[in-house]
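Visitor: Chain residues, written in single-letter form:
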Amino acid sequence: MQVNKISAMGVLLLCMYSCVEPFHPEIHDTVELLVINGNITDRPGWHTVEVSLSAPLNEPHFIPVSGCVVRVENDNGQGVTYAESQPGIYGADLEESFLHVNQAYKLFVFTPDGNEYQSDFDPLLQCPPLDAVYYVKETQETENSNVSYYGLRFFVDVIGEAEDSRNFLWKMKETYEYHSLEKFDFYWDMFDLTAYDPPSDSLLICYRSRHIPELHTASSRDLTSNELHGFPLNYVSNQSPRLGIAYGLFISQYSLSDEAFLYWDKMRNQLSEAGGLYDKQPSGSEGNIYNVNDAEEQVLGYFYSSQVQENWVIFKNRNDFSVQPFIYNCDTIATWPEDLREPLPPNYLFSIDSLDEVILPPLITGWKCLDCRDWGGVLEPPEYWNENDW
Amino acid sequence: MNKNRIILSLILILIGLKTGAQNSDVYFQGNFREIPFPEFVRILERETEVQFFFLDHWVEGIEITTSGEGLSLQKTLSDAFLAAGLNYYIDENLNVFVTREQAIVTTLPEYSLKSSTSDFSSGIEKEDDFSKTELQYIEGRKAGIRETLIVGSGTGNGDESGAVIYGKMMDVESGEPLIGATIYVQELKKGAVSDVDGRFNIVVPPGKYTVDFNCMGMAAENYYLDVKSGGNLDISMNRSMIPLNEVVIEANRFHNVRGTQMGFERLNVKTIKEVPIVLGEKDLLKVAQMLPGVQSVGEGATGFNVRGSAADQNMIYVKKVPIYNSSHMFGFFSSINPDIVKDFSLYKSNVPAGYGGRLASFFDISTRQGNMNEYTARGGISPITGHVAVEGPIIKNKAAFVLSARSTYSDWILKQMEDPVLRNSNASFYDLAGTLTFEPNDKNLIKTFGYYSKDKFNLGYDNDYEYSNAGASIDLSHRFNSRISGDLAAVFGEYAFQTVDKTIDVYAFSQDYRIDHFELKADLTWLSLGRHKLSFGGNSIFYDLHRGNILPYGDESLKVPVNLGRENGLESAIYFADEFVMTPRLTFYGGLRYNFFMALGPAEILQYGEGLPKRESNIVDTLMFGKGQVVKRYSGLEPRIAVNYLLGADNSVKFSYNRIRQFLFMLSNTIAISPVDQWKLVDYNIVPPYVDQVSAGYYHDFRKKGISTSFEIYHKWVSDVIEYREGADFISSPNTELVTLQGDQRAYGVEAMVKKNAGKFSGWISYSYSRSLMYFKGDYPGESINDGDVYPSNYDRPHNLSIVSNYKVDRRLSLSANLVYITGRPVTYPISVYYLDNIQNVHYSDRNAYRIPDYFRIDLSINLEGNLRRKKLAHSFWMLNVYNLTGRKNAYSVYFKNEDGVMNGYKLSIFGRPIVTLSWNFKFGNYASE
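Just so you know, the protein sequences line up as chains A and B, in that order.
Counting from 1420, one number per residue, gives the positions in the first sequence under this note's numbering.
Counting from 87, one number per residue, gives the positions in the second sequence under this note's numbering.
Incorrect hints may have been included.
Okay, the calculated bits of chain A under chain B, using three or more residues with CB under 8 Å as the criterion [claimed, not checked]:
#1 1472-1478
#2 1524-1534
#3 1722-1731
Covered stretches of chain A, going by a simulated chain B footprint (3 or more residues, C-beta under 8 Å) [as the list claims (entries may be wrong)]:
#4 1502-1515
#5 1541-1553
Below, computed lysine-lysine pairings styled on DSBU-like, alpha-carbon distance capped at 35 Å [what the hints assert, rightly or not]:
#6 B:Lys975 - B:Lys276
#7 B:Lys484 - B:Lys314
#8 A:Lys1590 - B:Lys1009
#9 A:Lys1685 - B:Lys542
#10 B:Lys863 - B:Lys846
#11 B:Lys1009 - B:Lys542
#12 B:Lys975 - B:Lys957
#13 B:Lys542 - A:Lys1556
#14 A:Lys1735 - B:Lys275
#15 B:Lys846 - B:Lys372
#16 B:Lys983 - A:Lys1556
#17 B:Lys791 - B:Lys276
#18 A:Lys1525 - B:Lys863
#19 B:Lys718 - B:Lys863
#20 B:Lys846 - B:Lys791
#21 B:Lys718 - A:Lys1592
#22 B:Lys542 - A:Lys1525
#23 B:Lys791 - B:Lys1009
#24 B:Lys957 - B:Lys372
#25 B:Lys484 - B:Lys540
#26 B:Lys276 - A:Lys1685
#27 B:Lys846 - A:Lys1685
#28 A:Lys1685 - B:Lys975
#29 B:Lys846 - B:Lys275
Hints listed in this document are in silico derivations from the structure and should not be mistaken for laboratory results.
For glycine and all other residues, C-beta sits at the position ideal for the given N, C-alpha and C.
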């Protein structure tokens, strides 16, 4: 990490007149390698293994490999066969009796072309609790010294016992609350106009969630005790509307074996090149899966076992930041109810008050602005979203 | 007087010139009435090609009154100067030299061949006489007049077969020795080159000869030599009247064809004076990268790569002090102040037997010894640094000193940065150096040198870093007799760094590192009568490495302290070499160097199962060694062979073979050496790498045109070269063998160079085609790099073209331009994409299977010298520098970054537009002063 920092300084210092610009080198080669990825956790329920092929750099897409037989065994010889639930995605509902801390698990994949792939056994190590998730307001200076961004840096604290796993992988899911433009007064279903009095707020509040496509890994192996305090994760700035009303971060902490940690840490590094001369040479991305019939074949991906600990934090914006509203550009058309007729599509409408006795069109049609679901969210918050906790 | 300064309808037309062997004349027309002399000069210089040289206070009160057509400048000046007692001289280039008190020579005295021994070594000019420069100048104008130098006495015990002539060549003004100056006996087609102390020796049979003395920047000397027996011959040379016209590598001219040197370059600090360079900072090592076979992995990279070898395979000596980190500020600048540097020699192949311990090259930087006659100073400012050096005699003509200092004030640049982290950063460096030279007599010379450089920076609030080089040497040279001379040197060198990483509190740590180098070195040269020149000697280096402690930093840190341990080693060598002139056309150089290295305790050594990879799982034993105990010995012979065959007077072919071992290496798993990379000794588990290099070349000089050419081909095989395992990290690994592999490297290439040393237009063109390939294949999985397939090294850049040129418009104004083209460095690109948990990941190509775009750059500089008056207090020099004139956005790196789950490619350019800098340098004395 330090080298990368110094690298960054070196590069940036040299870069007093530099420029970074998108660049797409001509890369003619590609290799189609088998990618097998999956994990076992201590949580009973649906587990998946993905079997796919790598795609050319300029045509990135998921290339599923269907028709495989996928099986997971533990070191007691118990096994579970997975079924293909979507192309290239194989799943099984694993029972508690199969999932034990300190047991090791191994993956078997038989592809339609007759090859057999196996992973090494990977132990499911006890994961210390995710002691705390919290945020700190952080100001980020920008290239313009007069302009700063504000936002939140999220941190975790981990306090483990000596016998717990000392390697961690964090996966994050963010949820933020946003609102449609207004409550609605009418609903036009192409034939009839239904009025709501008082105006309905049923489509006013939505929650949008996504898995954050970042890898965060850390290890306490080089530390005197199995503890991490103030380990930084992602940053959310007020340049995104996500912090506008409320923002929740749900973190799953996975324990990793030493081998699995090396793999995921390497993946994390590869995703964060700084572009300097102090970048390390990329090393091979082989994991712990190999072709039983052909040891030379390169197989990507990793099969790992983890105990999972979870925790979350929710930020409620109490005028901490000015944030651009999520919905701010609504197309509106003034119309009279009697003008609503076929073939106008179904829509919600809201009324505005007349101003200064000037007769305004009593109705404004809001296109996509009154149903918050149209912006990708759902009406139900995630389970952990309890406003009483805020 | 001002009220009388009336110029009436001045029309001035140059209507004729008359130049003769002596004083030239100029004819002009105009109407001048009581015009002050300076004003007259200004008008005449503007309207004609006449150039005046005079001191203002000499001409105070002198006015010119004349009018008409066909006015004679001679007559005008004679009339005007009569009362003031001034003299003048107009040369054929229409330079008008005004002098006071000294006579003006308008006709040369009749010279006859005279026989006398001459001694110009005093460096003292007599009053009321010609200066030696003037005398030389005048004498040199009359062809066929040569002085005869007599060496020895007729009654001496000279051997008919040969007399040893030894002596010193020095600068007449400063008394400084001339390095690389040549003596050439025309009749014998035999010559010698002066060493770093300006000393030379040559064996010639008694007799009468014609000899030439040449040195870069100095006026060539030509004498008759009457050798009666062996003896001393000191030559003081004058600076060339027009030094700028002969800027490049003239000292190598003689070598190029006749010497056995191959893969050898010498650059004088004057050579680089006008070469455009980024940010206006003179830098020998940067200019060296425009020589064939020398390159770096990128702009601003620390270190450089010679003939396809890693940067840690170069040894940089300054006055025998090793410089373990030659860079300031991430490699942007060299850590050696150019004010103190005199020149450097670079050995890329055919390394003399006296050098050892590095596989690729030896940079031998010599410093100024100081002016033996008078105090002087020099200095300058550029946008980044200010630098100054003072020097002068301690005992006139016997002892002199030089002190130099340089410091940056670059923080202001950081504050201008757009990047917020950099705006909150600091970076600074400085370096100090000094020499003390004492020459009590012509048999002894004592040279001391001290050096210290320091870099310090912090990145934002998270990282602090500092490193330093320190060194000192004392070197005693003694001439035992006319044939045997020797050097004895004691050397100390140190490189250390300290770093603090506060990025994440819980991981925060500090680390320090230090390597100390203690060396004793003795070299003897024995010039046999006849055709042998023997050299022999030895050295011994004691290394003391404190690899450092990694310690927790701050209250929050839980970092486990790691002691990387201390390492000691003793590297010794003895050598013997003979340069044997077999026939007048064939010269053979044979050397043998015997190396002996001992890794010393205390040490805790892991032993692995025989034939098994060095992995933790294969540890079978731990060996403990006490302090001073020998842990491991390595030794071996290193042959150094070279042959030179003269095809004609001006062309030759050469061949050489070298073997060299290296016992100290720097591990780096980054593209370029990073500031936290550490030097490490070979040890019980890591064997020393060695190189075998063969090279052959053809050399041709076109002396009349001042052009020399060379063409060389080489092939290197490096065995047991050390690399990190894939993905390995050095910092927390006390047992280096666990994270390294040893493999092979092969490098080969051709290098061509054309140099033009004289004339208004000078410079060089160098081109090289070279490859550098690595091969690491182990018998076990994980013991290979790149699956055991051959891959290009990070510095494999096949095509490399450099053009360095200088055009002298006149004596004060010159234009310089560079052109650089290099193949892009190898890079490992992602070639396919795959998904893990919906995050896009990339799979990389074979190591270094691709290249970043080729590099191309043109630079330009305009150099303006201060006035050329001979007698002046100080002289200054302006340089307007445009780096990357075309603003080409050369790729520094190409990288891929995950942005919201998608990999995007970027190209980073360092200097994406022309960089204009203005720098100013000064020195006391006149234009030609050293």
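Visitor: Hey, Lys542 (chain B) versus Lys1556 (chain A), does the alpha-carbon distance stay inside 35 Å?
Guide: It holds: about 31 Å lies between the C-alpha atoms, which stays within 35 Å.
Visitor: Going straight from one Cα to the other, do Lys484 (chain B) and Lys540 (chain B) come out at no more than 35 Å?
Guide: 32 Å, holds
Visitor: Taking 35 Å as the top limit, are the C-alpha atoms of Lys1590 (chain A) and Lys1009 (chain B) close enough?
Guide: 65 Å, violated
Visitor: State whether the coverage of the region 1541-1553 of chain A by chain B holds or is violated, taking the criterion as 3 or more residues with Cβ-Cβ distances under 8 Å.
Guide: Three-residue rule not met by the region 1541-1553 of chain A, so violated; n is 0.
Visitor: Assess, step by step, whether the Cα of Lys975 (chain B) is no farther than 35 Å from the Cα of Lys957 (chain B), and give holds or violated.
Guide: The given pair, whose Cα atoms are some 47 Å apart, is violated under the 35 Å limit.
Visitor: Hey, Lys863 (chain B) versus Lys846 (chain B), does the alpha-carbon distance stay inside 35 Å?
Guide: 55 Å, violated
Visitor: Does Lys975 (chain B) sit within 35 Å of Lys1685 (chain A), going by the straight-line distance between their CA atoms?
Guide: 31 Å, holds
Visitor: With the threshold set at 35 Å, check whether the alpha-carbon distance from Lys484 (chain B) to Lys314 (chain B) stays at or below it.
Guide: 29 Å, holds
Visitor: Please verify whether Lys846 (chain B) and Lys372 (chain B) have alpha carbons no more than 35 Å apart.
Guide: Within the cut-off at roughly 24 Å; holds.
Visitor: Three or more residues of the region 1524-1534 of chain A near chain B by CB distance under 8 Å?
Guide: n = 0 at 8 Å, threshold three: violated.
Visitor: Next pair to validate is Lys975 (chain B) with Lys276 (chain B); report whether the Cα-Cα distance is within 35 Å.
Guide: Violated - the C-alpha atoms of Lys276 (chain B) and Lys975 (chain B) are around 51 Å apart, more than 35 Å.
Visitor: Decide if the proposed pair is consistent with the structure: Lys1009 (chain B) and Lys542 (chain B), CA atoms, cutoff 35 Å inclusive.
Guide: 29 Å, holds
Comparing the model with each numbered hint stated earlier shows that hints 2, 3, 4, 5, 6, 8, 10, 12, 14, 21, 22, 26, 27 do not hold.
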